[in-house]
Structures are given as structure tokens and as C-alpha cells.
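Now for the letters of each chain:
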Amino acid sequence: MTNTGVTLTEARVVILDGTVLPSRELIGGKAWSVARMMSLGLRVPPAFVLPVSECRSYLDAGRSLDDEVWDAVQAGVANLEQRSGRRFGDPAAPLLVSVRSGAAVSMPGMMDTVLNLGITDEIELALAALTGDPAYASDTHARFLHQFGDIVLKADLDSYSAGVSAEAMRALVLADTGSDVPRAPLDQLRGAISAVFDSWDSSRAKAYRRHWGIADAGGTAVTIQMMVFGNLGEESGTGVLFSRNPLSGDRAPYGEWLPGGQGDDVVGGTHAVQDMITLQNAMPAVHHELMEWASTLEREHGEVQDIEFTLERGQLFLLQTRSAKRSPQAAVRIAVDLVDEGVIGIDEAVTRVTPEQIRSVMMPRLDPQHIDQHRVASGEPACPGVASGIGVVDPDEAERRAAEGESIVLVRPTTSPNDVHGMIAAVAVVTDLGGSTSHAAVVTRALGRPSVVGVGDGVAESLAGRLLTVDGASGHVYEGQMPLLETRVDDDPHLSRFAAWVAERSPLTVVESVPPDAQVLDLDRLGLGVGTESAAPTREQLITALRGAAVARGSLLSTAEGVAAAIEAGVSTIVAKPVLPVQLLAVRHAVAGAS
Amino acid sequence: MTSSDLDFLAVHGLAVRKAGGPPTVADLLGTDEQSVSDAFDRATEAGRMIGARGTFMCTPAGQAWLAEQYPVLYADARANGQLTEAYERFERVNTDLLALFTDWQTVPTAGGSVVNDHSDADYDHGIIDRLGALHEKAERVVGRCAEAESRLTRYLERLASAYDRVLAGETDYVSGVRIDSYHTVWFELHEDLLRMLGRTRQE
Chain G
1 MTNTGVTLTE ARVVILDGTV LPSRELIGGK AWSVARMMSL GLRVPPAFVL
51 PVSECRSYLD AGRSLDDEVW DAVQAGVANL EQRSGRRFGD PAAPLLVSVR
101 SGAAVSMPGM MDTVLNLGIT DEIELALAAL TGDPAYASDT HARFLHQFGD
151 IVLKADLDSY SAGVSAEAMR ALVLADTGSD VPRAPLDQLR GAISAVFDSW
201 DSSRAKAYRR HWGIADAGGT AVTIQMMVFG NLGEESGTGV LFSRNPLSGD
251 RAPYGEWLPG GQGDDVVGGT HAVQDMITLQ NAMPAVHHEL MEWASTLERE
301 HGEVQDIEFT LERGQLFLLQ TRSAKRSPQA AVRIAVDLVD EGVIGIDEAV
351 TRVTPEQIRS VMMPRLDPQH IDQHRVASGE PACPGVASGI GVVDPDEAER
401 RAAEGESIVL VRPTTSPNDV HGMIAAVAVV TDLGGSTSHA AVVTRALGRP
451 SVVGVGDGVA ESLAGRLLTV DGASGHVYEG QMPLLETRVD DDPHLSRFAA
501 WVAERSPLTV VESVPPDAQV LDLDRLGLGV GTESAAPTRE QLITALRGAA
551 VARGSLLSTA EGVAAAIEAG VSTIVAKPVL PVQLLAVRHA VAGAS
Chain W
596 MTSSDLDFLA VHGLAVRKAG GPPTVADLLG TDEQSVSDAF DRATEAGRMI
646 GARGTFMCTP AGQAWLAEQY PVLYADARAN GQLTEAYERF ERVNTDLLAL
696 FTDWQTVPTA GGSVVNDHSD ADYDHGIIDR LGALHEKAER VVGRCAEAES
746 RLTRYLERLA SAYDRVLAGE TDYVSGVRID SYHTVWFELH EDLLRMLGRT
796 RQE
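Protein chains in written order, with our numbering: chain G, 1 to 595; chain W, 596 to 798.
Derived from the structure by calculation, the hints contain no laboratory data.
Note that this is a predicted model, so its numbers are computed, not measured.
Every residue, glycine too, gets a C-beta built ideally from N, C-alpha and C.
Incorrect hints may appear among the rest.
[Stated by the list, open to error] Cβ pair distances, simulated, as ranges:
id : chain 1 : residue 1 : chain 2 : residue 2 : range
1  : W       : Pro618    : G       : Gln369    : 50 to 56 Å
2  : W       : Gly706    : G       : Trp70     : 43 to 49 Å
3  : W       : Glu683    : G       : Arg210    : 33 to 39 Å
4  : G       : Ser462    : W       : Glu663    : 51 to 57 Å
5  : W       : Pro618    : G       : Ala594    : 44 to 50 Å
6  : W       : Leu789    : G       : Ser159    : 18 to 24 Å
7  : G       : Ala594    : W       : Thr748    : 31 to 37 Å
8  : W       : Arg746    : G       : Arg251    : 55 to 61 Å
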């Protein structure tokens, strides 16, 4: 399957059809993942790529595509036409494409994706007839013009909102830039390819490379891929599938799809989506194929996959796959299950969960029994965690009372920069108004303060002066100090097995309490602690302080730096609670040192 | 900047920052620390602010005095159609930025969301890309606001510096709280514009 023969490096474009898997350095990360999915035998929309070397040729030629490469691009388009049975610019069977940048390593600052390139006024009409949905056709056209205007022509536009006609969008771009979005599909393509190459030298990309010591001499590839449509009538749709549930860790795949949906409809969350059972009932063969693909991809990557797919007239297409973001609980469970299934080894599994995730798993939580009758407010959960304190509206008062040692919950109609000192002083925050992107939500997440937003007009005022318990994960506020349950490693079979693996691999012992008769070195007492007035000690200072001690404790020994220093100083036992995150830090230090 | 301008701006800058000393307010205004320190002395004398150990806050009298000054000093600005139009644009960029801050902190997954632990460079780079694009919009819109109030260009310098730190991998400089992160500077700019134009925050 792997073929990186000489002809590839000489080709001006590389056709991606599953027969070749050129290197990431040659074709960039995005095209490489397309080629990899194809090489697994999965159906991916046909694509071709202008390799990284073409970026250099373009820039060296004074920002111009020479005739030979342009011929090769047109041959690439012809290849897509032949594989898809559609034609670029033909209203009878329109081929639309996406154009993406992609360097060997992911890098911010380069041109983003242009979708639906190749659309024209005639094709908009044809799409309207084909999909039976003129509003969709018009929206697709307007979105393309917005994207092309924004990204290629650098028009100063507001972010896209539906309802602007294609004609009006075209006029907006023209008014701002003096340039008309090209009407001929090949001119659009030429403009987009040039813009990708130009973006390699954008000031933002250059600034990024300067910070990271990446040579300016490289370049980006350009991937051109056929668009597929989830809204072409019967047996069409688009969706997202997780190869297992990334929130609970449950082994059953979890997915959502939207029959007749297209593009970001599912991800954007603007439409009512359906679960996988409806897909299984409606199209069992497609469902079966999708599950097979998920399993193949998960084994190939050794991790839960987050898979975007589109179904076009009964034919399933894989658009993208990446490792899924997992909740802390799911991260533990999935790492253990993948070992049991023989997908990864134990040494790998212990690197799949971060110390922060373990800390989060082990945070005390509310006892779900006997608390419902104490609930006094509910809103949108904005930052997880549980904390109790007295409700105070005024941020100055919150700061003053917190300084006197009280636990304060800041309860406000809304928050602004003028309230930040009160939010810092509080143990939790509740606001009447605002959603998950409000100032209160953003600031409390940055501070790690449990918070609930949008509990309703006037509610915060009513909470003032009362003892409250805020659960930022569920979005509930309770009156009184609710009892907390400690998370014990042994209560959860996955967690206890994970903990055993970590303990076996930890280069030092971690215990909850000081062993009898032990001589303990306490870093905090030496003034080497977290949050002390002076600057954080260097690793050398820590090692010097710790050298010779067998048993040590201190707030810094729950940090990566502190644990590293303890190991290097020859400390054999750290006293910390909970022990598991510290053990995991020690394992990570050992693994990093070994590689 | 005349000293009577500074008498006003020093109190205004302190109100925007809520609390601080001459160095932070001088940085916000883009002027020298000694002049601001002198203005702080006069404002303290006049009962418009109080301070201890280098940290100052506006007094209620100082806030009331500011509230009287704004409509007078910014009468032209408030009547300036180009400025108010730029401000409307600012609000739209603000909406996009707030969504971006949230996406930076939490990652949507399977109908829920998890904390972004910044272990996925591709995800973070996607957000930094958006921040870069919004920063370019911010440059244009703040540039237009600065035609009416030139000191606002100082915010652009601070935003650019936060963005540069983000590019260099200092992830806290997107939405961190106790530092001059993009979010911190943006919200100060927002507060400044609200006060100038006599608007109230939507949310």
C-alpha cells in the first residue's frame, strides 16, 4: 500500500485514491489523514493535493502558478470528475470542492477552508431543484461567497448569518474590497489555491514560526476534495459518531445524525438530531458499515475516535476522524477497556489519563440522595466543581468578608470586569443572566471557580445572605451545606485497576499520611510552597532543599516540577492526598526521562 | 495630554481597571507614570479616589464625578455616527470573541463538553486561527474608534501583545484572569467604550 516512489516527488499534484500514502512532509497533515483513511479501505470523498514543494515554487516565482502546475490542477479536477461522475461548473451534475491548507505540522495563521467552491448562479438554481430546497441552495451560495470574500479577498465582513442573498453577499464583498468574487469555477479555484500559498507568508503564520523556530523556507500543501451532500433527498444525512461514549466511557458507540442535514448542521447544534438507533432502523446496512468503520479507525489509532460522516443517497462517506475529547471519568474507563481489548498496552494506558483528569475524578461530589428538597435555584452549568458559602451580591463586600476568612458565594445579576476581584475572592459564582459564553462563565472557568449562570431574573438577589452549596457540574444551587462524598479509588473497578498500574510503575512511594517514626521534610515550612509571596523556587533550589530527605511533603510536591525535583533528589516517599495524581506525575516524569 | 485631561483620564482609567496604581493606569492610558502619579495625588486630594500601599480605588464621589463628566467630555463622541457605528461592530466582534473564549476553555464532545487541557495542538491551533482572524477585525474596528479617541490605540498594542504570547504557547493569555490576557484587555476596552458612549452592557 505504501508507495513513496520517485514519480510522486516529481508530480505537480498528487491524486489521493488509496493507492499511495505519501509522507506528511510532502502533502501536509490534512491530505495525509485523507490518504490514510483511504488506505484503510474506507470511502472518503475523492481528493488531490498540491504538495508542499508547490508552495515554494509559487512563492519563488513571485506568487504565481506556472502553466505546468495549472495544467496539473486541471488534470486533478478531471480526475475528480471522472471518479464522481460530476463536472466542475456543470449545472446538470455539479461538482463542488473544498480547498484547505495543510502544512506538515499543524500551524495557526494560515488560510482556513473554503467550502462549496465551484458554485455559480446556475448551479445554485440546479441545487435548488436537486435538493428541493431553494433556501439551502441560496444559503450554500451565500456561505461560499462570504467565505471566499473573508478568506481569499480579505473582506472585512461580520461573521456569517443566514438570510443574506448571494447577490447581496457578492455586493458586500465588492464594496469592501473592490474585487468581485470570480464567477467561473476555475477562476475561483485558482484564487483559492493562490490564497493558501500566500497565507504561508502571512504575518500571523510568520509570527508563529518565529516563536517556534520553524523555518520560513517550508510551505503548505493545498488539498482539493469533492464535497458530498447530506441533503440530496432520500437516504441522505450527516452526523457525528464516537466509537464509544466519550462522556461516560461506555463501550457502545455514541452518535447523532440529521437526516437531510448538511455540513455543520449537526455540529452547530441548530437542528433536532436523531440517535443511531433511528439510523439502524432506517438503513441497517449503512449503520453496519459505519460501525465497522468506527471499529477499524479505533484500532488503527488506538484511541476513541470522533468521526464525521455524510450519507449521500445511501452511500456513506467518511469526512474526518480524530481522537475524541473525553471526560475525566471516561478517560480512565476507556484506557482500562482498551487494555482489556488488546488495543493498547498498560504502559501506554497510564499515559492516556492526565494527572489533572485524575484530580477531577477524585474531587468530592454531592451525595445525590436527600438533596433535591434543598434546591433553591437552577441554571446553566458554567464551571464544574462543588463549593459552599454565604451568598453575597456586592463584590467589594465579598472580597472583604473572604479576606476575613469567610467562604463567600458571589451572587449577581450579571458580572463585568468590575466584579472580577469579588469572583477571585469567592468560592463559587451564581448569576441571574447570561449563558455559557457570558463574562461570568469565561472568568470562573479561567479561575476554576464552580459557577452556575442564568438562574433567572432576580434570583441572585434572593440568594443573598443564605448559606448555599453550588454544584457547577449540574447547574443546581442548594440551600445549606450539602454533605460531600469522597471518591475512593476502590469504589470504582476501572479506577482501582488503573491506580494499581500507576502504583506499580511509580518510581517513588506516595502515601496519604506520614509513616510512623518517619522524619519528614516539609517544603511549605521551609517557605517553598505554592502561593507564597516570593517567586516560585527553581528546580535546582527544590532539589537542594530535598536532597538527603527520605520522606517529604508540601504543596509543591503535587506539581510536575515538585515531583520531578523529588525524584532527582532521591526522595523515596512523598506524603500527599490524594496519592494517585502524584503517583501519575511521577510515572510521567519517569516515562519522559526514558524516551 | 494636558493635566486637566489627565485629571479626568486618571480617574476614568482607574474606574475601568476597578483597582490599581499609577503604573497600571499609565499602561492602560499609554502615558507616563509620573504624570499619572501626580494626577492620582490631585484626585486623592479631591476625594475622587482612595489608596493604600500603591493600590487605589474610586470613591463613590469619584464615580459620581465621572458620571457627570462623561456626557460633557464625550458629547462629540456620542454624536459621532462613525464612532457609534464602529461600536456596533465592536459588539458583534465581542459576541464572536466570547464564543471563542468558551471554546478555548471547554471542548464540545458528544452532546456535552469537557475542559480543554490543551493537549490537542490541532484543536488549539484552530482556536488561535480564529483569534488571529478576530484580532484583525479588532484592529480595524478599534482603529476606527481611535480616530475619535486616539488613546484607544494603546488597547491595540496590549491586545497584540496578548495575542503574541498566545502564539508563543502561553495558553493563559487567551482568557486568563489575573494577567493581561486577550480577554482581560478586551473587557477593559469594552468597559472603556461603554463609559465613553454611555451604554450599558448587554448580557
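What hints, given by number in increasing order, does this structure fail? Of the numbered hints, 4 and 7 do not hold.
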